[in-house]
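*Asks:* So you can see what is in the structure, the chains are spelled out below.
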Amino acid sequence: MKMASKLNATADALYQSVKNLPIVSPHGHCDPSWFAENKPFENPASLLVTPDHYVFRMLYSQGIGLEELGIGEPGAEADPRDVFRIFVAHWHLFLGTPTRIWMEYVLYETLQITAKLTTQNADAIYDQISDRLEQDAYLPRALFDSFNIETLATTDSALDDLSYHSAIKSSGWTGQVIPTFRPDGVLDPLDHNFLQNLVELASLTGLNLDTYADYLTAIRARRAYFIEMGATATDHAIDIIHTEWLNEPDQIYQRIKQGLETETDARSFYGHMLIEMAQMSVEDGLTMQIHGGSKRNTNRQLLLEFGRDMGADIPISTNWVSGLDALLNRVGNIPSLTIILFTLDETTYARELAPMAGHWPCLRIGPPWWFHDSAKGIARYFDQVVETAGYFNLAGFNDDTRAFLSIPARHDLWRRGVALHLAEQMNQGTFGGTQAEDLAQLLSTGLARQAYGIGI
Amino acid sequence: MKMASKLNATADALYQSVKNLPIVSPHGHCDPSWFAENKPFENPASLLVTPDHYVFRMLYSQGIGLEELGIGEPGAEADPRDVFRIFVAHWHLFLGTPTRIWMEYVLYETLQITAKLTTQNADAIYDQISDRLEQDAYLPRALFDSFNIETLATTDSALDDLSYHSAIKSSGWTGQVIPTFRPDGVLDPLDHNFLQNLVELASLTGLNLDTYADYLTAIRARRAYFIEMGATATDHAIDIIHTEWLNEPDQIYQRIKQGLETETDARSFYGHMLIEMAQMSVEDGLTMQIHGGSKRNTNRQLLLEFGRDMGADIPISTNWVSGLDALLNRVGNIPSLTIILFTLDETTYARELAPMAGHWPCLRIGPPWWFHDSAKGIARYFDQVVETAGYFNLAGFNDDTRAFLSIPARHDLWRRGVALHLAEQMNQGTFGGTQAEDLAQLLSTGLARQAYGIGI
Amino acid sequence: MKMASKLNATADALYQSVKNLPIVSPHGHCDPSWFAENKPFENPASLLVTPDHYVFRMLYSQGIGLEELGIGEPGAEADPRDVFRIFVAHWHLFLGTPTRIWMEYVLYETLQITAKLTTQNADAIYDQISDRLEQDAYLPRALFDSFNIETLATTDSALDDLSYHSAIKSSGWTGQVIPTFRPDGVLDPLDHNFLQNLVELASLTGLNLDTYADYLTAIRARRAYFIEMGATATDHAIDIIHTEWLNEPDQIYQRIKQGLETETDARSFYGHMLIEMAQMSVEDGLTMQIHGGSKRNTNRQLLLEFGRDMGADIPISTNWVSGLDALLNRVGNIPSLTIILFTLDETTYARELAPMAGHWPCLRIGPPWWFHDSAKGIARYFDQVVETAGYFNLAGFNDDTRAFLSIPARHDLWRRGVALHLAEQMNQGTFGGTQAEDLAQLLSTGLARQAYGIGI
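Protein chains in written order, with the working numbering: chain P, 610 to 1065; chain B, 610 to 1065; chain L, 610 to 1065.
With the rest of the complex left out, here is chain P (with noise of 0.2 Å):
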């Protein structure tokens, strides 16, 4: 993105102030097992559009059958080129969108391809891509070096053995990859797999769960083995914001195990574990991140076809006001706890989060989240939260991103954005040159490492 016009010229020289400094990047979905394995990439569509529901999503809505992307089991035998392929023959559909602008950026910066992304092109690039793979200069662990990433967290179930983590610790890569302790496969007795994780849950710990407080005990030996493994931060998504405090956690717990609760028990129990994780954080130290308001697999014959995760995650409207009512109201005084909330509903950035953030000591708000990772949707962001919360009561940035590629060109784009906002604000003068600076900074890396915990 080129930065033409007046105002332009102060965003761009705050931008370059920042261009260069690491990436802090505290929440993400990479895969562990990449950094340490540390082998090649497979092939372009698997490296670019097979994982990336930004993209197939996308293609999906213009008539593009997910099979014929190569997703899931229906698209196995698809050959990788055909794949993309059929992606460049559809690059236009992706204008105005993120995604066109992380793709330019990964293609043009980090893979250093020359050719324009056109139909014609699209199998002469598919090679250049492939070459790149095969280079040395393209591992998973040089690619996240030249990335100058300082600290990558991945996402992990409460459930694994943080194998890979382990590997890279003791690999002697000195990359700082910290795993994140995400438990709502344990916690959310609607998870399908719920009472099978609570089986794998006490063979892990090698504690029985007969009792509520024996489950408790199970979870914080997780947790501490998280933590062990360097990991400063909880994870836990929820569609309909909820907490309740339990008088008697043990009833539900036992009808839960029987398989005899009710869909209002399971949400009650879910809603009182989340306010037993902040507990746990106050105790424990764990930043604690909720990502809420998210419907999941709206499409229900893709969900049965090919899967989770098919690009029909879809917002829905969010109440944080009585949602978290009873958690903020049990723990929300405690300043060494720290809480970040995600939204996707817009509406609640003004009306409820920024208000709630400046006031709760515990609360920061996360960066514009999913759909919202993007050039307006920062804008908003900005526009929406600053005036009532101040910046300080703000994470930093989050790539949120399963696609390793892209997360120079996540943290560019919101730079970007970082720096647009801040010289506006100088142009409306609402503050000087230095203080813009200062939050350029700030907003790049320093109130994500505070937010998080990491790196200070």
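It is worth saying that the hints were derived from the structure and are not from the lab.
Built from N, CA and C at the ideal position, the CB exists for glycine as well.
Be aware that one or more of the hints could be misleading.
To be verified - Residues of chain P clear of chain B, computed beta-carbon distances all greater than 12 Å: (1) Glu651; (2) Ala687; (3) Asp688; (4) Ile695; (5) Asp732; (6) Trp782; (7) Arg831; (8) Gln867; (9) Ser931; (10) Ile943; (11) Asp1047; (12) Gln1050; (13) Arg1058.
Said to hold, decoys possible - EDC-like mimics (lysine to aspartate or glutamate), calculated; alpha carbons at most 20 Å apart, straight line: (14) B/Lys628 - B/Glu1046; (15) L/Lys904 - P/Glu853; (16) P/Lys628 - P/Asp1021; (17) L/Lys615 - B/Asp621; (18) B/Lys615 - P/Glu1033; (19) P/Lys648 - P/Asp736; (20) P/Lys628 - P/Glu759; (21) P/Lys615 - L/Glu1033; (22) B/Lys904 - L/Glu853; (23) B/Lys725 - L/Asp1047.
Knowing the structure of chain P, use the given hints to seat chains B and L on it.
*Replies:* Showing chains B and L alone in chain P's frame:
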């Protein structure tokens, strides 16, 4: 609107490139009798004030009685010249509204009025307009031609015999005026005339409607007739979006026919019929339009005294995700189906509509509708939908108007909004000039043609 | 705030044209005793920090205890100088917030402080302010005069004897300080002191309140007294907007008097009383203000330890359409009635409030309120209300503050926001300079005078 400043120079160039494209008007409420009969419009008040709820609602909001404006029964005696005088005397009320921008275009561009609209000039301008209306160049067909309208779709009850459309077809005049199938009256049991409408449906089709299957057959017959007469789309309005699939629709159908249904039955039935309509669209290719979230006739005194559509339709909060769940999970994966969604709840642009249209093959997002068909409404629309849905999941522009003279003004405002948006994208480096020019064309005409299957 | 750039030159000219207009402050929370007694303000902390929930909530959100800030009982012992030091040490937290902009105006413009607010300067600035406060020019009345306040409305319980207002009137000082009738405490049975308030109401009016009719008579008496003392408006707060008309209000009234009402009864009764208030406004001409959608005191620990208004009031989603349905369908078509609506849910600007105010003769939209009284909040407000409601359905500006010194700063920020908005309209060609100048005046003072019936 003059466009100054540097950024606006780019916008202006883009605007110039689409300014004179033909008008594609695939959704609106013009009266086909105008083009069938081609009689002069009656007078300035009945042309510009009385039929335009944007105009009279604003006057009413400032204490002017609808009867003074010649509206409805109570206004039958009002002198059109007085009505026009009142309008002119309150011209300042429209400052900052699109109504004022459209009206200025109509007066100064279309009607070639040279004096400014002031209380002093009211009578002279009234006379000037009256003069114009008697000239051949201002007859409906001549205006249609000089407006450069490629296709104009009207909106017609499923029970309409389309005699005016027939008359237009057989007249030898080549203007493309096509009907749109609007079946609410025979689908929604909450419509006050529902049972009477069924009687009429039976008589029109020569079918008895004893069973639900008969009823579907009759509706299919009407759809076929509309298609024969040129229709390419259906149109559906619903206040609270709701769809559900009934396994035994005949049972509710029978209750409804006997007037024994509950309100829940009625809502279920209408929700079911929307899915039937989508299924018929899969069969017959009609594009389906769903206009959601307007609470109609909220002012009961006006409804009683003046009837429907008196400016008291107010938008309400809308939930597209759960509302369309049943419909989409039945037909949403069929790429040959096109469903265009219109919202009055802008919070759903980024939260629901863009993510949904960016996934489901059948969905397209309709243009900013009604209160949001305005310069800033257009800007917010692009800001909030493009990054997630891209441009190719949009349905271009509709004017949705019964104010025929305002059609060029409304398309002009849209094209200016498109140009400004694209110029800002270029300025931010999102894409270059060639792409912006292509998109300007698409947004002005191409996407509407595609979404409605007209002129292609 | 300095205004650079080309667009801003127009904005600056418009700003200069209204910068020195008198201040019309028709809604706020200043203490009338200040002007009755005209005593010096006590110290910098109790003037600028302790009473300003915008200030202390932000400090609290970053872990500073309210007791350290001299708030409430627990803060009784805090040294004001220490409080001020803490505030200064955390001055960076306010970057990007209107609080910082207002405070800079107060310090540098109003209090004529020359040093910058830094930790090093904290004590010196504390002393400088203390000096100022002892000077005659900084006594409440002198500030009122130098602020060029035309009218200042306070907000007063229906049970207030308005003795300070009497004292002001009889003092010979010509400053216009008028009361506003705030009857929540005697209308809302959910108010914890409701029954006690009725006892007081009976004693104040010398009426018994045995029947609902007696109760109305007593309220009418209080309204009449407020009007006699200069009031032109009432003010009503309600969390979830609800109105309904009860045919037998006496029945619920009797239950309430005996403490036998349910929560539903209580909500019904308050909803009914809002309609009674509107009907009394039709009779006596008081403008009615409805502030909706703030969930009060969401932090129960702070409520217990420090009392109400501790910065934990959080906005919630609001539904004006159904909430006001009963009220509007009873009195909404009466043009002599004025009802001003204030929202904290910005999604209702374009979806509900602008369409409603653009239809119902009685409705006006209040200015951006509370968290939204900020540069970007003002921009969003104009962006979202004007195109549908026009300018003449707006109620101008209120500062709504208890921070007396910030009044000029707040009006100044509004006027800059108005100027910037109008300059952008001119730049887009929406209207010309003459109209922008007229609108700048109206938005700065005229619309507020009209909506509240003051100074006209």
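*Asks:* Going back to the hint list, which numbers does this structure go against?
*Replies:* Violated hints: none at all, because every hint is consistent with the structure.
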